[in-house]
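Since the structure of chain A is provided, determine the placement of chain B on it from the hints.
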Amino acid sequence: MVILSEKVRQEVEHTLNDLQEDLKLIVFTQESECPTCEDNRLLMEELASLSRKIRLEVVDFAKDKDKAEQYKVDKVPATVVEGKEDYGIRFYGIPGGYEFLSLIHAMKMVSSKSSTLSPETKEQLKRLVKPVHIQVFVTLMCPYCPEVVHLAHEMALESPLITSDMVEAAEFPHLNQKYNVFVVPKVVINETIEFVGAVTEEEFLKHVMKSERK
Amino acid sequence: MEFILPAELKAVPIEEAKRYDLIIIGAGPAGMTAAVYAARKKLDTLVISKNVGGQTLLAPGVETYMGYQYITGAELMRKFEEQVRQFPIALLIGDEVTKLSREDNLFTALTSTRKKFTGKSVIIASGRRARPLNVPREKELIGRGVSYCATCDAPLFNGMDVAVIGSGNSALTAVNELMSYARKIYTIVRASVKGDAVLREKAEKSGKVEFLSGYAVTEIQGKDNVERIIIKQIGGNKELGLDVRGVFVEIGATPNVAFAKELVELNESNELVVDCDCKTSVAGLFAAGDVTIVPEKQIIVAAGEGAKAALSAYHYLLEA
Numbered sequence: 001m002v003i004l005s006e007k008v009r010q011e012v013e014h015t016l017n018d019l020q021e022d023l024k025l026i027v028f029t030q031e032s033e034c035p036t037c038e039d040n041r042l043l044m045e046e047l048a049s050l051s052r053k054i055r056l057e058v059v060d061f062a063k064d065k066d067k068a069e070q071y072k073v074d075k076v077p078a079t080v081v082e083g084k085e086d087y088g089i090r091f092y093g094i095p096g097g098y099e100f101l102s103l104i105h106a107m108k109m110v111s112s113k114s115s116t117l118s119p120e121t122k123e124q125l126k127r128l129v130k131p132v133h134i135q136v137f138v139t140l141m142c143p144y145c146p147e148v149v150h151l152a153h154e155m156a157l158e159s160p161l162i163t164s165d166m167v168e169a170a171e172f173p174h175l176n177q178k179y180n181v182f183v184v185p186k187v188v189i190n191e192t193i194e195f196v197g198a199v200t201e202e203e204f205l206k207h208v209m210k211s212e213r214k
Numbered sequence: 001m002e003f004i005l006p007a008e009l010k011a012v013p014i015e016e017a018k019r020y021d022l023i024i025i026g027a028g029p030a031g032m033t034a035a036v037y038a039a040r041k042k043l044d045t046l047v048i049s050k051n052v053g054g055q056t057l058l059a060p061g062v063e064t065y066m067g068y069q070y071i072t073g074a075e076l077m078r079k080f081e082e083q084v085r086q087f088p089i090a091l092l093i094g095d096e097v098t099k100l101s102r103e104d105n106l107f108t109a110l111t112s113t114r115k116k117f118t119g120k121s122v123i124i125a126s127g128r129r130a131r132p133l134n135v136p137r138e139k140e141l142i143g144r145g146v147s148y149c150a151t152c153d154a155p156l157f158n159g160m161d162v163a164v165i166g167s168g169n170s171a172l173t174a175v176n177e178l179m180s181y182a183r184k185i186y187t188i189v190r191a192s193v194k195g196d197a198v199l200r201e202k203a204e205k206s207g208k209v210e211f212l213s214g215y216a217v218t219e220i221q222g223k224d225n226v227e228r229i230i231i232k233q234i235g236g237n238k239e240l241g242l243d244v245r246g247v248f249v250e251i252g253a254t255p256n257v258a259f260a261k262e263l264v265e266l267n268e269s270n271e272l273v274v275d276c277d278c279k280t281s282v283a284g285l286f287a288a289g290d291v292t293i294v295p296e297k298q299i300i301v302a303a304g305e306g307a308k309a310a311l312s313a314y315h316y317l318l319e320a
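For the protein sequence lines, the chains are A and B, in the order given.
Each residue of the first sequence is one higher than the one before, starting from 1 at the first, in my numbering.
Each residue of the second sequence is one higher than the one before, starting from 1 at the first, in my numbering.
Chain A extracted, bound-state conformation:
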């Protein structure tokens, strides 16, 4: 079964020609009680088939607890986009719709190991001393969401202390309830800081740096 249309497949293949270094998609999945796990796995398998630079590892979330613990994956479907090392870039839920842009962006970024963040932002991120966990709640047809996911993932690439999750809100209603998600994009940092809407790199950075003081 294929997920992507022939036209999209061709375009993705063309886009992935730009990949520089090898990357790995680690897909956490399970057979039961996860309605989107199969589609997510199929999507990642299809992507991996479109470039020699992409390797795929499928992990059974229910059985391989060690792997889930290693990557600190606590729900499925989950996809880790890993380059030479694990930069802390995660997708929870199927990255379709506008979030497909975020997935392609993450793959290219990890493969080139370079972000578009300003030199000032990169400098500031070096000053972090404690771990920062960023969760970006999105829905798939939200056009404002990918730019926030891009920022969060770019910060994860730049700082070994940052882990950044895209969370597809419709697939995790219990998290919507927990974090009061009634609008997207909504960002939650270290369980203590939250904000909504698309913000500038400068503003996002301020929230990240503030999380250290909380």
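Under the rule of at most 20 Å between Cα atoms (straight-line distance), these lysine to any residue pairs were calculated in the SDA-like manner:
no., chain 1, residue 1, chain 2, residue 2
1, B, Lys50, A, Glu202
2, B, Lys79, A, His14
3, B, Lys99, A, Thr200
4, B, Lys115, A, Ser118
5, B, Lys279, B, Glu319
6, A, Lys7, B, Ile71
7, B, Lys50, A, Ser118
8, A, Lys108, B, Leu5
9, A, Lys7, B, Tyr68
10, A, Lys7, B, Ala7
11, A, Lys7, B, Lys79
12, A, Lys178, B, Gly222
13, B, Lys50, B, Glu81
14, B, Lys79, A, Glu11
15, B, Lys115, A, Glu203
16, B, Lys79, A, Glu6
17, B, Lys41, B, Ala320
18, B, Lys79, A, Leu101
19, A, Lys178, B, Asp224
20, B, Lys139, A, Val199
21, B, Lys205, B, Gly159
22, A, Lys130, A, Glu191
23, A, Lys122, A, Leu161
24, B, Lys297, B, Ser269
25, B, Lys223, A, Asn180
26, A, Lys122, B, Gly94
Label pairs and their in silico Cβ distance ranges:
no., chain 1, residue 1, chain 2, residue 2, range
27, A, Ser32, B, Lys18, 55 to 61 Å
28, A, Gln177, B, Ile234, 34 to 40 Å
29, A, Thr116, B, Asp224, 35 to 41 Å
30, A, Met209, B, Ser101, 32 to 38 Å
31, B, Arg19, A, Lys122, 31 to 37 Å
32, B, Arg129, A, Ser5, 29 to 35 Å
So, partial list: chain A residues that the calculated Cβ filter (under 7 Å) puts toward chain B:
no., residue
33, Thr139
34, Cys142
35, Asn176
Calculated from the structure, these hints are not laboratory results.
Keep in mind it's a predicted model, so treat the numbers as computed, not measured.
Cβ atoms here follow ideal geometry from the backbone N, Cα and C, with glycine treated the same way.
Same frame as chain A, but now just chain B:
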């Protein structure tokens, strides 16, 4: 499931030191069409916009753009962007103009990232943004049940009761979006439903939608999240309280003109006044799309106006 791809980049350098023939503010249907027409006339053009697509990105389906029987707003805008990127047009996306001024026949555009650009002519195609209800607790409850983007937020209201405020196509589109998720959708209409009959019929057939005509929202209630709205009969005393978790405000939009307010003539609704050649009250400054007084706010109208504005700018530059 839809998968949206990035348009292929043909990067054209963006130069602050340059004197552009034309600066286009906004990259919705009007701005992008203007860009293509400008490029065909070989005008050195810079487009500045927060995003590519503007409000069209929020349209779940478009059935009124000729050449496509049905296309999503996102896909249509991607096709626009691809067409723009065929030409050597500098695109500054992710930034926005905060101040536009004119001195010695030259325009200066300052942006939110503190960049400064100079142009011999300008097209404002900055579109509109959602208008608020301006009722108590609305502002405080934004992101806590008050939403201005049904396309984005509808999936978060699965199984809940919600209200949509408005009578036009955007309100009916929001209702249709919510039908897949919400349990009940109250639709609060001031006078009568003005949107397309096709959308209304679909809503009525769903069995989930209750139209309440002749009412206005007077208050949104809720401590941490939306719990209730109060609606009052227009011209009467009847008042109703509706227990809802979501309020989707779709009462029209307000033009994005703050950056040019002191420069150019606006009407009482803050729309840019233009003539039939898209000329504004300032020589060399043109405008197109939903930001202007042109009455019908439609993608196809905006695109046509964008073409006109670019051709007018071209003639202006020839004569200047």
